[in-house]
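2 protein chains.
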Amino acid sequence: MSVCRVIFYPQNKKVTVKKSTSLLDAVSKAHISINNLCGGDGICGRCKMVVKEGEVAAEVSPKLTREEIKNGVVLACMTRVEGDLVIQIPEETLAKEKISADLDAERFKDFEQTILLEEFEPTPLVRKVYLELEPPTLVNNTADHERLCEALCKKIGDCETQMGLKIIKSLPSILRRNKFQVTATVGLRGHVAEIMNVEGGNTADKNYMVIVDMGTTTVVAHLVDAISLKTIDAKACFNSQGIYGREVTRRMIHAERRGSGELQKLIIRDINRLITTLANANGINLKDITAVVCAGNPAMGHFLLGLPTPNIRRYPYVANTVHPPPLRAAQVGIEINPRALLYSLPGISAWVGSDITAGILATKIHERDDITLLVDIGTNGETVIGSKEWIVAASASAGPALEGASVACGMRAARGAVESVYIEDGEIKYSTIGNGTPKGICGSGIIDIVSVLLKKNIIDRSGLFIESSSDRIMSENGLKRFILVPEDKEKNLKPVYITESDIENVITAKAAIFAAIKILTMRLDLNFEDIERVYLAGAFGKRIDIDNAITIGLIPSIPKIKIQFVGNTSIRGAKIVAFYQQAFYKIAEIRNSTTYYDLMGADDYVEEFKKALFLPHTDIEQFQPIK
Amino acid sequence: MSVCRVIFYPQNKKVTVKKSTSLLDAVSKAHISINNLCGGDGICGRCKMVVKEGEVAAEVSPKLTREEIKNGVVLACMTRVEGDLVIQIPEETLAKEKISADLDAERFKDFEQTILLEEFEPTPLVRKVYLELEPPTLVNNTADHERLCEALCKKIGDCETQMGLKIIKSLPSILRRNKFQVTATVGLRGHVAEIMNVEGGNTADKNYMVIVDMGTTTVVAHLVDAISLKTIDAKACFNSQGIYGREVTRRMIHAERRGSGELQKLIIRDINRLITTLANANGINLKDITAVVCAGNPAMGHFLLGLPTPNIRRYPYVANTVHPPPLRAAQVGIEINPRALLYSLPGISAWVGSDITAGILATKIHERDDITLLVDIGTNGETVIGSKEWIVAASASAGPALEGASVACGMRAARGAVESVYIEDGEIKYSTIGNGTPKGICGSGIIDIVSVLLKKNIIDRSGLFIESSSDRIMSENGLKRFILVPEDKEKNLKPVYITESDIENVITAKAAIFAAIKILTMRLDLNFEDIERVYLAGAFGKRIDIDNAITIGLIPSIPKIKIQFVGNTSIRGAKIVAFYQQAFYKIAEIRNSTTYYDLMGADDYVEEFKKALFLPHTDIEQFQPIK
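Residue numbers (the numbering used here), protein chains in the order written: chain U, 1 to 627; chain B, 1 to 627.
What the hints contain is simulated information worked out from the structure, not anything from laboratory work. Mixed in with the good hints there might be a few duds.
Because identical chains share one entry, a pair is satisfied inside a single copy or across any pair of copies.
As a list, the in silico DSS-like pairs of lysine-lysine whose alpha-carbon atoms are at most 30 Å apart [said to hold, decoys possible]: (1) Lys388 with Lys154; (2) Lys586 with Lys166; (3) Lys166 with Lys29; (4) Lys154 with Lys48; (5) Lys611 with Lys14; (6) Lys455 with Lys14; (7) Lys586 with Lys155; (8) Lys70 with Lys456; (9) Lys586 with Lys154; (10) Lys29 with Lys48; (11) Lys287 with Lys166; (12) Lys166 with Lys265.
Only a predicted model underlies this, so the values are computations on that prediction, with no experimental measurement involved.
Using the sequences and the accompanying hints, generate a full structural model.
Set out below in structure tokens:
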């Protein structure tokens, strides 16, 4: 098998691959993030690259113009490496922002700095406990292992302990070298306290955890202090698995062909990069991070652990596990303290994951007498309706448009992202994050712009541009776009715009979510009026304009006072579990008492989805405020 | 560092060692078992070998005659390899019997074939449970992991389960390939049920365990059927660690110098050889052995797991652990099912181990209203006195004489071992195991012969031969011996005899044990009359002559009706734990409620020991029956 060397510019990164490897795999191997969306099926046409030197076998794609083909442009996913190559990656192909620039998660951390619950005693899943053991005497010559366990249980309350052979073996020396004054790191495994580590002296003041929300499109990580229960910092990035498909289904197909190892490596790499960035930025030693608590949809949960996914996407849709045991984080390649634990929170079914159980926990649906609707806006839009009597959850495939992906100028909420679009004095105005030079549009801006275009009659109810309605509608390659920020070469401003195709993606996304809400309320024999409270969740930074969300028909027209944007409830719920062992048991109860409703099995889901493919909806009666 | 090749005859085994390695280490590396007792300190003089070719650096030892030195005889422990060697090992140096010939443990297994306790439901520590899971449907699409755990808990009763990532990962494929009919192997870890293995079909009819008693001198293994709770077979061997010292203290010193790895390897090798022999002899596949349950003294327990022992032998005598967690047996090198568990039972202190907690469990001392004395005769003689109100345990260093070691013609209870010596028609007679040609004397025979010699006035109360008392007293190299079986070259009979030095070793052993009993009763303010029941335990096969044990003063003169020989209670207790999970919790309670009494800290122990260095005792008043 011959081997080829591929050099990528402008990164100047070299990789060696086997002949006939796809160029997409070579890019992945080079750790270069690109905007690819379709997962390597030649559909999205966004993995364009220029072959500067060397031989490739490239399929012809309708996504390329003749001019591009002449200039050596190929789609990486449809090109095989046949010899040593020099490849130029155009700027538009590259993923637009880096982790270090992401402000979304960071802004969100202000949402709630410290989580202090009155009902529970703070008991982090992994604790550091300083112990001053009584040195042994002839009268008290209890063995080292039992001496430590007894002292620990006395300090943290009645517990069953567990300790690995290696730690037991190290005790005689550690205890005596440190005059029997040591710090035990104690992690919860089921109802057993694992003494994961014992070190000399008092190191109990340094104990950090990382809370991760693994979205299909976005991975968010919060660094928290397990002693003060404060959030120190937060970062987010696009999920690198996007290279193998923007929907989890495509990624699962990829995993079935090639094993789930590749997808696992990518999510672990993302998590490691987020953790390293967070630790470096805050002067925290990776060895002081003792736990990672992860929530996410079931497919992501499976990829994280390298579990097989074929039965998730096939009838009758069965997960490998919805509640994996705590593992050594190092076992899956997470680079923190080598003894640290990785907690995967429990999910509900093959299609409703731990991000939702965490969301239920965070919003306390399971404690309330009246009915709450929780809508988690993500690539999978999950809908939960319930009270303390019963909870039902469903999942709809919305696509990533509302997260700023699959939109031409979409970006994550970094500096310069248009986060808000509004009408002032009859004019369409916008504001950017950090008042930066506008570079693209993030999720909240996308909802706003579609709403504003509708209100200003620039698009019609099907999302198409209305001829001559605005002089800012332009056409390029036959595709219409609305220019929000015009190009200005002097100011080095690139244009920021939204295309008809982008708007179609937004409509598809909101229709999938709305139809899910509709079907669920119908099945439960509820009217929208019966819903006492609507929580709108998502990794949207600080804001989402609720009026605009109703305007485009993302959520039903319910009195605004009942609706609240609650941010990333997946992270919040996971944080509560990380800080309170009782919440760890509570979330398992929530998993058991929540019923999964399968929308794919609902005959009328597609019908409701089609009805919602208008702005706000085919049946405008349902949306009083904008009738 | 130059390397030397050493060939041992008659085994024709070759090993390569570094120059300057001791010849004893070379023998160990060649896996040749020898009769060495002192642990390589040049004291016992039993590791004699003949250097046939090659260069050695040998110290001169008073244990060698000039003749021997001229003939190239060296003590292996005091000889360093300086070049390639050819070594002849004399027959008397070799360990006398092989595992396959050992009958002691085998005979003992008849002692109690099946252990059925009325008070507990049979629940082996490792169970195989056949499960016919309901295949998933849209209505019941519980994940594979949770489906299996729920079905299991339903079948075995309420439980918290634990499953490793590798097993979870294998479930989708195993379940579907086997139509959801699988056998789960479930092991107890604390109060959690670990699903250790899941395999297709119904394999629940094959589940075996090995119960091991790790004595300082003797290692006994019983192969048991975890379904019928029957003992299938039993084997024993001398503990190969003997090469590094007959007492655990010497071995601990060795471990401190060179790490506990070497000692661990030897005990694991013994256990593996016993298991392989048992499995082969009974047509059992090693992969169907799912657990090993070990009891033994604390030092052996530490060596088994490779734990450091320095603090056991140093003031204030602290063990690394008295209750190690269950481990994967493969983790320490035990070659059975790779997922099988190794249970080390809980001991009491650095000097009273799990053989004694197992003995208490087996004899039910902890359940009785009246007072029981349990004497476990081994290289460490342990004494337990107690009732359901309180239990006290002590350990005395007796040496291995009563186990047939450190006695010139001593051997384990194999075919041909003199197991009984008695007076008939005024004559000293004997019987051998299996009526075989007499080859040596085992433990019970040693107690008998000393008693008989005393009764016949052939030895005096200090254990010395009485001049002209018998024509069977011979002298060789100035050492007196009593010939039990004379040499008969025609019949190819080697002489079997007992020396004055052997008798001294026996007296030392019994004195250590008697003094322990004495001190403990004194401290508890008891008279021998207060003891309602005496259990005499030990790996002695079927019998020990209680009259003779009293005659030599091994145990106090207590009405014979109160005394019972109960065999190997360590194995029996371990078996009860292996079969009954409730006993697993019970033995942990016994550990907690038993007080260790340190004889070394007792000012009057040495005094009592010295008083007992007579037959039966200095104070003959205490021994009415033979006054």
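Hint-by-hint comparison with the structure:
1. Lys388 with Lys154: The answer is between: 27 Å across copies meets 30 Å, while 36 Å in one copy does not.
2. Lys586 with Lys166: Classified as between; 27 Å across copies, 32 Å inside a copy.
3. Lys166 with Lys29: Between copies only: 26 Å across chains, 36 Å inside a chain, cut-off 30 Å.
4. Lys154 with Lys48: neither (63 Å within a copy, 56 Å between copies)
5. Lys611 with Lys14: neither (50 Å within a copy, 85 Å between copies)
6. Lys455 with Lys14: neither (50 Å within a copy, 93 Å between copies)
7. Lys586 with Lys155: both (24 Å within a copy, 25 Å between copies)
8. Lys70 with Lys456: For Lys70 and Lys456, neither the intra-copy (42 Å) nor the inter-copy (116 Å) Cα distance is at most 30 Å.
9. Lys586 with Lys154: For Lys586 and Lys154, the Cα distance is within 30 Å both inside one copy (25 Å) and across copies (22 Å).
10. Lys29 with Lys48: Within one copy, since 17 Å is at most 30 Å while 65 Å is not.
11. Lys287 with Lys166: Both. Shortest intra-copy (18 Å) and inter-copy (26 Å) distances satisfy the 30 Å Cα cut-off.
12. Lys166 with Lys265: both (28 Å within a copy, 17 Å between copies)
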